[in-house]
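Enquirer: Next come the chains, spelled out residue by residue.
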Amino acid sequence: DQQVKQNSPSLSVQEGRISILNCDYTNSMFDYFLWYKKYPAEGPTFLISISSIKDKNEDGRFTVFLNKSAKHLSLHIVPSQPGDSAVYFCAPKKPGTYKYIFGTGTRLKVLA
Amino acid sequence: DTGVSQDPRHKITKRGQNVTFRCDPISEHNRLYWYRQTLGQGPEFLTYFQNEAQLEKSRLLSDRFSAERPKGSFSTLEIQRTEQGDSAMYLCASSVEQGAGTDTQYFGPGTRLTVL
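The listed protein sequences derive, respectively, from chains A and B. Note that my numbering has the first sequence beginning at 35, numbered continuously upward. Note that my numbering has the second sequence beginning at 37, numbered continuously upward.
No wet-lab data here; the hints were simulated from the structure. Warning: the hint list may mix true and false statements.
[Stated by the list, open to error] Okay, the calculated bits of chain B under chain A, using three or more residues with CB under 8 angstroms as the criterion:
| no. | region |
| --- | --- |
| 1 | 72-83 |
| 2 | 89-100 |
| 3 | 139-150 |
[Said to hold, decoys possible] Cut-off 25 angstroms, straight-line C-alpha distance, at most; resulting in silico cross-link-like pairs (DSS-like, lysine-lysine):
| no. | chain 1 | residue 1 | chain 2 | residue 2 |
| --- | --- | --- | --- | --- |
| 4 | A | K102 | A | K133 |
| 5 | A | K88 | A | K105 |
| 6 | A | K39 | A | K128 |
| 7 | A | K90 | A | K39 |
| 8 | B | K93 | A | K133 |
| 9 | A | K133 | B | K107 |
| 10 | B | K93 | A | K128 |
| 11 | A | K88 | A | K133 |
| 12 | A | K128 | A | K88 |
| 13 | A | K39 | B | K93 |
[Claimed, not checked] Examples of chain B residues lying across from chain A (beta carbon under 10 angstroms, computed):
| no. | residue |
| --- | --- |
| 14 | G39 |
| 15 | Q42 |
| 16 | R45 |
| 17 | Q86 |
| 18 | M125 |
| 19 | C128 |
Glycine included, each C-beta is placed from N, C-alpha and C at the ideal position.
Work out the full structure: start from the sequences and follow the hints.
Expert: Set out below in structure tokens:
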């Protein structure tokens, strides 16, 4: 049951350029979406969220875009920095539950 | 308070043994989650507590798994009769509600379980 897919297992970007990480989902009932990043040997760290009533949320270098009709979510990081190198997970939630469903993650490598 | 802590960080056990993990959430957080993560996958939801009440449990959680949060503070996750397939990273997260049923989860560093 792959309700959340991150089809790019890895991505390499030059420092200073834009990183775009994508997430596709199948359940139109998801109403809240989070992005986490994870460094090795650490737990995931919250990055940014978006509610289904919005189509964009911005926080500093990070912007999340939501296209409900396409059931597609993307995270833009600009400019990318070497410290952004990590695994990124999207995690949507269904209303009426407490269950977040994580994607398989995308490993971002920002090259100096 | 520096965040969510988990103990132990690593556990190696033999198949058939019981193991127990502990999670100490951020002190003012009333919500607590357990997840399991295997190699190449994202964290997989196991169970959720609001204060001491276990409100949601994954159907993937077999009856060998049990979790408690007796006083609404720390939580324990016990796995009985461990199997090699239980080898994974077990993550705990805590949060407070932010409104409209949403929250931001803060994760601990995880307990890595290896079943031989």
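Enquirer: Against the structure, test the hints numbered earlier, and report the numbers of the ones violated in rising order.
Expert: none
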